[in-house]
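Work the whole structure out from these sequences, hints included.
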Amino acid sequence: MSATPALKMPLRRRLAIHACLLALCVPCLLPLGWMVSTSLKSETEIFPREGQAASAFRPAQLVPQRPVWRNYPEALKTVPFAAYLRNTLMLCAFTVTGAVLSSAVVAYGFARLRFRGREPLFALLLATMALPGQVTMIPTFALFRALGWYGTFLPLIVPSFFGAPFYIFLMRQFFRTVPEELAEAARIDGASEWGIFWRIFLPLSKPALATCALFQFFGAWNDFFGPLLYLNDPSRYTLAYGLQQFLSSYGGKWAALMAGATLFTLPVIVVFFLAQKTFIQGIATTGSKG
Amino acid sequence: MPREVQTVRSGWRRRAAAIAAGVLAAGLALLLAAVCAAPGPRRRAHPDRIPVHFWHMWTADWKAVVERIVAEFNASQTRYEVIPLSVPSASADSKFLLAVAGGAPPDLMAQWNQVIPAWADSGLLMELDQFMTPEEWTRFQAEVYPVALKIGRYKGHLYGLCTAVSIWACYYRPDHFREAGLDPDAFPETLEGLWAIGRTLERRAEDGRLVRMGFLPQWLNMYAPIFGGGFWDEAASRAVVDTPANLRALAFLAECRKALGFNEVVRFESSLNQGQGGNVDWPFISGRYSIVVDGQWRVEQLARNAPDLEYRAAPIPPPTGGKRHAGWSNGNFMIIPKGAAHPEGAWEFAKFWAGWGDPARAAEFCTWGGWLPLWPPVAEAPAYRAFLAKHPAFGTFLDVLPSENIVPSPPVPYQVFLNDQIGRVDDYAMRGTKTPEAALRGGQAELNAELARRRRFGL
Numbered sequence: 530m531s532a533t534p535a536l537k538m539p540l541r542r543r544l545a546i547h548a549c550l551l552a553l554c555v556p557c558l559l560p561l562g563w564m565v566s567t568s569l570k571s572e573t574e575i576f577p578r579e580g581q582a583a584s585a586f587r588p589a590q591l592v593p594q595r596p597v598w599r600n601y602p603e604a605l606k607t608v609p610f611a612a613y614l615r616n617t618l619m620l621c622a623f624t625v626t627g628a629v630l631s632s633a634v635v636a637y638g639f640a641r642l643r644f645r646g647r648e649p650l651f652a653l654l655l656a657t658m659a660l661p662g663q664v665t666m667i668p669t670f671a672l673f674r675a676l677g678w679y680g681t682f683l684p685l686i687v688p689s690f691f692g693a694p695f696y697i698f699l700m701r702q703f704f705r706t707v708p709e710e711l712a713e714a715a716r717i718d719g720a721s722e723w724g725i726f727w728r729i730f731l732p733l734s735k736p737a738l739a740t741c742a743l744f745q746f747f748g749a750w751n752d753f754f755g756p757l758l759y760l761n762d763p764s765r766y767t768l769a770y771g772l773q774q775f776l777s778s779y780g781g782k783w784a785a786l787m788a789g790a791t792l793f794t795l796p797v798i799v800v801f802f803l804a805q806k807t808f809i810q811g812i813a814t815t816g817s818k819g
Numbered sequence: 065m066p067r068e069v070q071t072v073r074s075g076w077r078r079r080a081a082a083i084a085a086g087v088l089a090a091g092l093a094l095l096l097a098a099v100c101a102a103p104g105p106r107r108r109a110h111p112d113r114i115p116v117h118f119w120h121m122w123t124a125d126w127k128a129v130v131e132r133i134v135a136e137f138n139a140s141q142t143r144y145e146v147i148p149l150s151v152p153s154a155s156a157d158s159k160f161l162l163a164v165a166g167g168a169p170p171d172l173m174a175q176w177n178q179v180i181p182a183w184a185d186s187g188l189l190m191e192l193d194q195f196m197t198p199e200e201w202t203r204f205q206a207e208v209y210p211v212a213l214k215i216g217r218y219k220g221h222l223y224g225l226c227t228a229v230s231i232w233a234c235y236y237r238p239d240h241f242r243e244a245g246l247d248p249d250a251f252p253e254t255l256e257g258l259w260a261i262g263r264t265l266e267r268r269a270e271d272g273r274l275v276r277m278g279f280l281p282q283w284l285n286m287y288a289p290i291f292g293g294g295f296w297d298e299a300a301s302r303a304v305v306d307t308p309a310n311l312r313a314l315a316f317l318a319e320c321r322k323a324l325g326f327n328e329v330v331r332f333e334s335s336l337n338q339g340q341g342g343n344v345d346w347p348f349i350s351g352r353y354s355i356v357v358d359g360q361w362r363v364e365q366l367a368r369n370a371p372d373l374e375y376r377a378a379p380i381p382p383p384t385g386g387k388r389h390a391g392w393s394n395g396n397f398m399i400i401p402k403g404a405a406h407p408e409g410a411w412e413f414a415k416f417w418a419g420w421g422d423p424a425r426a427a428e429f430c431t432w433g434g435w436l437p438l439w440p441p442v443a444e445a446p447a448y449r450a451f452l453a454k455h456p457a458f459g460t461f462l463d464v465l466p467s468e469n470i471v472p473s474p475p476v477p478y479q480v481f482l483n484d485q486i487g488r489v490d491d492y493a494m495r496g497t498k499t500p501e502a503a504l505r506g507g508q509a510e511l512n513a514e515l516a517r518r519r520r521f522g523l
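Those protein sequence lines, which keep their order, are chains Y and V.
Numbering-wise, our numbering puts 795 at position 266 of the first sequence, and it's gapless, one number per residue.
Numbering-wise, our numbering puts 220 at position 156 of the second sequence, and it's gapless, one number per residue.
Think of the hints as simulated: they come from the structure by calculation, not from any bench.
Bear in mind the structure is a predicted one, so any value in this text is a computation, not a measurement.
Heads up, a few of these hints could be off.
[Stated by the list, open to error] Facing chain V, from chain Y, some residues (calculated, C-beta under 7 Å):
no.	residue
1	Ile667
2	Phe670
3	Ala671
4	Arg674
5	Tyr679
6	Leu757
7	Asn761
8	Gln773
[What the hints assert, rightly or not] A short list of chain Y residues far from chain V (calculated; beta carbon distances all over 10 Å):
no.	residue
9	Ala712
10	Ile729
11	Asp752
Built from N, CA and C at the ideal position, the CB exists for glycine as well.
Structural data, given as structure tokens:
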């Protein structure tokens with residue numbers, strides 16, 4: 530087995546490239562670093578006291594003089610983190626399942642089935658992506674209210690089971706790259722259209738499915754407006770909503786606030802790193818980029 | 065590839081998979097623990113009563129006070145159950161508007177944003193005077209503090225029932241006065257005198273940076289009425305920006321800023337924590353300001369967060385030829401949206417909080433939140449008097465409260481636009497990018513254009 534092109538490179542060159550990449554990463558990571566660092570500082574360390582002028586930023590300031598770990602229990606104590614986490618994860622689980630499965634079915638139809646009006650219908654679907662959410666907000670709200678779903682999780686979950694235009698587009702592009710011969714061979718073996726989709730296309734589309742799942746997970750995790758509009762019971766609030774509540778309540782408690790923000794961000798980072806390889810593969814194979 | 069290398073690699077993969085599975089299992093266990101620890105949905109305490117859904121924007125300590133008042137109301141009668149909901153203030157208006165448009169509004173909402181003219185003009189709010197008899201309405205107008213009426217009234221009707229009014233005054237540090245050789249008992253009588261004292265109290269680092277601000281007069285909205293100006297022409301019933309009195313106010317503010325150094329002030333202010341939520345980092349507590357203009361709620365916060373801090377409060381002194389006990393004000397008020405399912409219950413609760421018929425009880429509520437009351441009977445109640453004795457600085461704000469010179473934002477439906485323009489005028493002059501004359505002229509031109517646009521659209 531031959532070495533990869535990267536390994537063929539001289540060590541000095543590889544180090545230089547890595548140094549450049551790391552330098553480019555610094556501006557992106559600085560806010561994150563500041564957040565984590567502030568979450569471990571005391572209030573007096575964050576803001577100068579009487580007689581001390583604010584000095585210019587120095588990288589050394591990112592390292593807390595003495596880490597204050599109690600900011601984390603304080604943040605957890607201030608908001609019902611467990612309840613918010615439960616609600617958020619529940620929403621993530623349902624919406625990811627719903628969005629990925631329903632979008633895959635619709636995308637398969639657009640990619641592989643021939644029917645009259647397919648292209649105009651697909652164009653119409655894409656056009657809905659251009660509609661700002663504010664335009665449909667009031668009719669959607671009125672609809673869910675008429676269904677008696679106001680104040681429940683249903684308006685946040687059910688729509689994801691009806692396909693999302695962006696995921697449909699993403700998966701359609703992926704399905705089109707799968708050789709037609711595979712479907713033909715399955716048909717000869719007696720597979721139905723559903724069987725071809727389920728047994729051939731879905732297993733081959735793991736990267737695209739994972740990409741959509743990740744997008745949906747991030748979307749549901751960060752969704753603030755949906756829970757704000759539809760939920761009226763604090764025990765049903767999500768983490769994004771709870772963090773906003775924390776900001777309103779304790780905007781001055783920067784250390785605890787940053788501890789809360791770190792706890793909020795951490796799962797997303799962990800999920801991203803765990804699924805990073807599949808995610809990038811999915812993006813590369815569907816020809817899309819964020 | 066040699067078989068040994070393949071074996072090593074597959075072994076490594078198995079270990080990696082085992083680690084990943086372990087991490088996943090630990091994550092799931094944590095999730096399960098979180099789910100088990102989480103409380104279930106909220107249950108109603110009085111399911112047999114008429115529910116009154118009440119939205120408010122208070123959080124932290126104030127949220128607890130609101131819930132205490134709600135509990136008092138729910139215990140005081142057997143017909144209604146008020147169900148409070150704290151909504152993040154940054155998005156409360158969006159939630160409210162969508163709920164009204166979608167046909168599912170709350171029964172009552174506590175507000176402090178200046179929404180009454182715009183929302184009343186759009187037909188979103190109920191007229192509250194319809195819940196009163198003509199005699200009650202007349203008496204109400206005569207008895208409440210003038211500013212409380214101005215805040216809630218629009219086009220002759222009451223749309224917001226104030227439960228508390230906010231007044232701004234000067235907080236100052238006697239220790240800084242003594243340190244500078246000044247007498248803390250002789251607070252300046254004029255704004256010019258206050259500015260001069262502020263310069264004496266100011267401290268700078270060796271390189272010239274401000275480390276302590278003596279006094280920084282800022283915010284045109286607050287100072288325009290003090291100079292005899294403002295943004296509402298009562299006689300013509302229209303908003304104005306460019307007036308001689310407003311020019312005097314803006315010129316004074318800009319001159320002060322220029323004397324301190326435009327950039328110096330920005331640099332100083334950006335280094336401050338604004339002390340939201342009343343924490344110990346309010347710049348006044350930490351000694352970054354010697355004199356600062358702020359609201360009455362700081363009195364209670366100071367007692368809680370800095371009980372040993374020596375401070376005093378005094379009304380903002382007028383400039384020569386200006387108005388005494390003047391300034392901008394706002395308040396907390398209750399609105400009932402059109403389409404509310406139980407407006408009568410909402411009105412009952414609003415009255416209960418405001419002290420209608422029982423000022424002694426409302427006085428208790430005001431002491432819990434550190435609020436200024438709607439009308440004098442509440443201020444004269446024993447509980448409020450005891451509160452004043454405990455917090456003498458609060459008396460300063462109560463003294464200013466009855467003044468006719470305290471004004472809210474103009475009662476116009478384009479209030480957001482107007483405030484935006486005033487803010488821009490202020491900003492131009494404070495940054496020194498425009499002269500006060502040019503800034504006000506520009507603001508007036510923008511306002512005229514907006515009024516013309518509104519006329520064109522028949523608004």
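Now the hints, each set against the structure:
1. Annotation: interface hint on Ile667/Y holds; nearest CB of chain V at approximately 5 Å, less than 7 Å.
2. Taking 7 Å as the C-beta contact cut-off toward chain V, the hint placing Phe670/Y at the interface holds, the least distance being around 4 Å.
3. Hint status for Ala671/Y relative to chain V: holds, with the closest Cβ pair at about 5 Å, below 7 Å.
4. Restraint check, Arg674/Y versus chain V: the minimum CB separation of about 5 Å is within 7 Å; hint holds.
5. Because the beta carbon of Tyr679/Y sits about 5 Å from the nearest beta carbon in chain V, less than 7 Å, this interface hint is met.
6. Taken as an interface hint, Leu757/Y checks out: its beta carbon lies about 5 Å from the nearest beta carbon of chain V, inside 7 Å.
7. Interface restraint check: Asn761/Y against chain V, minimum CB-CB distance 6 Å, threshold 7 Å, status holds.
8. At its closest, the beta carbon of Gln773/Y sits 5 Å from a beta carbon of chain V; the interface hint therefore holds under the 7 Å criterion.
9. Residue-level check passed: Ala712/Y sits 32 Å from the nearest beta carbon of chain V, beyond 10 Å.
10. Look at Ile729/Y: its CB is around 26 Å from the nearest CB on chain V, clear of 10 Å, so calling it non-interface holds up.
11. Separation of Asp752/Y from chain V is adequate, the least Cβ-Cβ distance of about 13 Å exceeding the 10 Å criterion.
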